[in-house]
Amino acid sequence: MILVTGGAGFIGANFVLDWLAGSDEPVLNLDALTYAGNPENLTALEGDARYHFVHGDICDRALLEQLFAQHAPRAVVHFAAESHVDRSIHGPGAFVRTNVDGTFTLLEAARAHWVGLPAGAREAFRFLHVSTDEVYGSLGPNDPAFTETKTYEPNSPYSASKAASDHLVRAWHHTYGLPVLTTNCSNNYGPYQFPEKLIPLMIVNALAGRPLPVYGDGLNVRDWLYVGDHCSAIRAVLARGRPGETYNIGGWNEMANIDIVRTLCTLLDELRPDPAGSRTRLITHVSDRPGHDRRYAIDARKIERELGWRPAETFATGIRKTVQWYLEHPEWLANVHSGAYRDWLNHNYGAREARP
507 MILVTGGAGF IGANFVLDWL AGSDEPVLNL DALTYAGNPE NLTALEGDAR
557 YHFVHGDICD RALLEQLFAQ HAPRAVVHFA AESHVDRSIH GPGAFVRTNV
607 DGTFTLLEAA RAHWVGLPAG AREAFRFLHV STDEVYGSLG PNDPAFTETK
657 TYEPNSPYSA SKAASDHLVR AWHHTYGLPV LTTNCSNNYG PYQFPEKLIP
707 LMIVNALAGR PLPVYGDGLN VRDWLYVGDH CSAIRAVLAR GRPGETYNIG
757 GWNEMANIDI VRTLCTLLDE LRPDPAGSRT RLITHVSDRP GHDRRYAIDA
807 RKIERELGWR PAETFATGIR KTVQWYLEHP EWLANVHSGA YRDWLNHNYG
857 AREARP
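Quick note: the sequence shown, position 196, residue 702 per the numbering used here, numbers continuous.
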């Protein structure tokens, strides 16, 4: 069995579904079901004896000890995190609690479990920590992409909290010998992504005829990774990665935010035409996010060289799959649109002045 934390969130749910589609090894999913943790992401697994869900917090040491003792997982895949930059600006405390304190508590529970294992099981045990490229800071237009040895320069409360968690994971390996693996990924997109992030937010707003809010000039650049490719990379790292190592995972798809939004408008105009005309008319530039990093780019050559992994999707194929998924799952979107979600959108975007 493997223990997955945050398995009801966007990337975690995709990983659990992907894992059980290709393996009979059971999954124990621990998730606190905060606003972005959605059990509906995993309804396809209802009644599946290989899937076990526990509603709980990674900061709860007693619960973690109970789960390790009862289920004896051979690996931990740690997705659980607060992950939205804007939310971290408005409320950084939750990010420190979950991303730093939670990772610390999970590391300690995993270490206590690991030291008590028989020699063979102890050698085979793995703790895989899923992190982000945002820990590396911002790049200039001509700077080389982030490698695994890039200096950490986090610029938001979110990225600072993830950087802290990365350092804890590294320290638990070098101090205690815990067999850890760390992955730093670029911006994910795909099915089940909570519609506060750029791509699903633009899809939802465009379908409703609402403004498409683009920060600043829209020229902030990100590398985009289809979530299914991310899942396959994590499986490769878990199976073949070297303990103590970090692997950057990217999609080789650098694009400016404004180009992402225009691409989405074009796809939606093709797949779900709007009688009012092209949805590019809805693009609205708003005041920029504080401390908005200008560019991220991942150099994913290490994982290709050492583990033989490359993304299967281009941005063109992945974004079409993503748009089609959202069009085919209106009930999922309707259920996600709780009062709390609408309050958040109003809080974050409502006060931002539109720019010419």
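In short, the hints are calculated from the structure, not lab data.
Because the structure is a prediction, the values reported are computed rather than measured.
Idealized CB from N, CA, C, for every residue including glycine.
Fair warning: there could be bad hints in the mix.
Calculated cross-link-like contacts (lysine-lysine; reagent style DSS-like; alpha-carbon spacing at most 27 Å) [said to hold, decoys possible]:
(1) LYS703 / LYS656
(2) LYS703 / LYS827
(3) LYS827 / LYS656
Pairwise CB distance ranges, derived in the manner of DEER restraints [stated by the list, open to error]:
(4) THR549 / ARG826: 31 to 39 Å
(5) ARG628 / ALA818: 49 to 57 Å
(6) VAL602 / ASP775: 41 to 49 Å
(7) SER529 / ALA818: 43 to 51 Å
(8) LEU539 / GLU776: 49 to 57 Å
(9) ARG628 / ARG795: 38 to 46 Å
(10) THR653 / GLY814: 13 to 21 Å
(11) GLY599 / ARG748: 22 to 30 Å
(12) ALA575 / THR655: 37 to 45 Å
Tell me, in ascending order, the numbers of any earlier hints that this structure violates. 3, 4, 5, 7, 8 and 11
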